[in-house]
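Chemist: Given next are the chains, with one letter for each unit.
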Amino acid sequence: MSGLIKVIEPFRFYTRLHLSELTGLRASNLSQLLSTVKQVSGSCVYHHTHRFLQQHQYLSPEPPNDFAYWVSKVLGEDELGERLASIDTVQFSTVRKLRDKIIATIEDYLKNNMSVKLKFAGEGEEFHFIKSISFILPTNYIAYNLREFVDIVKNITIDSIYFHIFESRLRLEKKTNDFSNWIETSIGDKESSDKISRLDPYTHTLEDLRKTIIKIVEQKLRDQ
Amino acid sequence: MTNIEEYIPIVGQPIIDDLKLLAEKLKGKVIQHINSTVVGGGVAEILSRMVPLLRELEVDTRWDAIRGGEHFFEVTKKFHNALHGRSEEITQRDFDIFLETSQKNIDALDIHGDIIFVHDPQPIALIKKKASNKWIWRCHIDVSNPNQQVWKFLKNFITSYDSAVFSAPSFSQRLPIRQFLISPSIDPLSDKNRELPQETIDSVLRKYNIKKDKPIITQISRFDRLKDPVGVIEAYKQVKKYIDCQLILAGGSAADDPESAQVLEEVKTRSGHDKDMHILLLPQDDIVVNALQRASDVIVQKSLKEGFGLTVAEALWKAKPVVASNVGGIPLQIKHKYSGLLCHSIDGASFAIKQFLTNPEYAEKLGQNGREHIRNNFLITRHIREYMLLFLSLYHKEDVVYL
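Sequences listed follow chains A and B, in order. Just so we're aligned, residue 4 is where the first sequence starts under the numbering used here, counting upward by one. Just so we're aligned, residue -11 is where the second sequence starts under the numbering used here, counting upward by one.
Source of the hints: derived by calculation from the structure; they are not laboratory data. Keep in mind it's a predicted model, so treat the numbers as computed, not measured. Careful: at least some of the hints might be erroneous.
Stated by the list, open to error - If you only want the chain B side, here are some residues facing chain A, beta carbon under 8 Å, derived:
(1) D6
(2) L9
(3) F154
(4) P157
(5) R162
(6) R166
(7) F168
(8) S333
(9) I334
(10) R373
(11) L378
(12) V388
(13) Y390
(14) L391
Said to hold, decoys possible - Straight-line alpha carbon distances no greater than 20 Å define the calculated PhoX-like cross-link-like pairs of lysine-lysine that follow:
(15) A:K41 with A:K104
(16) B:K229 with A:K76
(17) B:K143 with B:K117
(18) B:K195 with B:K229
(19) A:K193 with A:K218
(20) A:K76 with B:K323
All C-beta atoms, glycine included, are put in the ideal place defined by N, C-alpha and C.
So that you can see chain A by itself, here it is in the shape it has in the complex (with noise of 0.2 Å):
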């Protein structure tokens, strides 16, 4: 009866609202694309490998991250453009680790294919760098056991969906998202925390996402 047992620990739900800060930072070409990012924060590399999720999350479920949407609609590179979009950013612990992805692919690319240094965006199109400015708070929602937990998720707003799954795990370097944290640890149910754990959310909208954790919960509380 895990479900409807109090824990110790309650689960608070946070959530995260975002502001975009110009850097004023531009490229217009692939050379230049590369040397920003290789100097630009770790704010700015992780605002255009994660905006797309939540500005676009009912239309995507696979968002394309904006280095690999410039360089396919904008230079017209699809082939670097599906492999900057292919990169499995569920598989990194860190935004510096991603970083240095994104170089290595770029990179790779740049050796054996010279010409592309010859194309430039129009005027217009060029790639403008972002910083992400993450404003993290407590709401007033508090879920003591897995019942109130997931009439929670089913109410409250997408950012803090995506507070507790993307940045948490990535931004703030924890090994895994929150709520399969909480639901092993605290709840002592493994196999749901797993089920949660393995999701890769980067293919799923935000909206699917809440679906499947709430399926998955319903689903241990119907077995209870």
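Could you slot chain B onto chain A? The hints should help.
Modeler: Positioned in the frame of chain A, the structure of chain B alone reads:
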């Protein structure tokens, strides 16, 4: 006056809860907006909706306007055009007029906010009054390619602010202060955007003698060359060869724009005797605009240059399929083939309109996607949230802020 709770059915309770959480963090701070007019223009329109909502959230928000005479506003209009990249002859006398009026405002205006939020170039020199409070400069203009003489003059003031805010990434400049990207927004409960009963829509169509017997293509905008109304007519003519349809070009007059009457005449001449073209010079009536947008099958915004282009957000909010130019803030609102169709030419526009008219399910899908995109990104609730985060950012320099 709209109540904040009225937005709950549109954006959901948790979004409003978030606004309340943020508002609590601003307790005790006085926010003072300053712009050039309290009536007329986009800035006044948004502040008139936003200030009461912030107050309802218990954020102590004030709003003042500077004073300026005819000469001052002639100069600032020149600045405005020059910042948009138009060639303008700007003399030392113009700068002197600007500085003289600015000094009068510096002397006269009571600056009492903890956070002073200055909108656009007209009041920019008030920064000379900066003390221990925080100052934000909000630029509503497309400064992607500004006249350097004017930009350098303004930059002397901008660099004394704590932060600047722009509407699109391409407007950002290399500045020694923090700059944020905050898009403008539409208010889903305003007369221009709220749901309308079918009778109201029908009565507006009757008033302008428009029958709903064939598909309606509409562009709502001032009669301004930058909105390319003649290009819209050409695109319509190309579509008309294959699909029997009608065109509405509707917009208000602009007393301060001597070109508008000339452009309207050109448009009327181009329309010839085609009874399916409705060229409407509208009075300021948001319900009429709302009704025309809702009666349309495809909405076009074929601008050659655009600060942000909120008519696109208005159309998408009504779940309309939109064909729009890939300029200014429009690509932030439309992702090509997901939430509308972007174009770069008259031929591209006519092809996209035909695609929508011959594939109504596709058109409906993109319109629905567009509505959700606007719900998530371009409503006034998002705008209020980002302004509150902006205020909080003045007291936190880090990239991850725990509140």
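Chemist: Which numbered conditions among the earlier hints are violated in the structure presented, ordered from lowest to highest?
Modeler: 8, 9, 16 and 18
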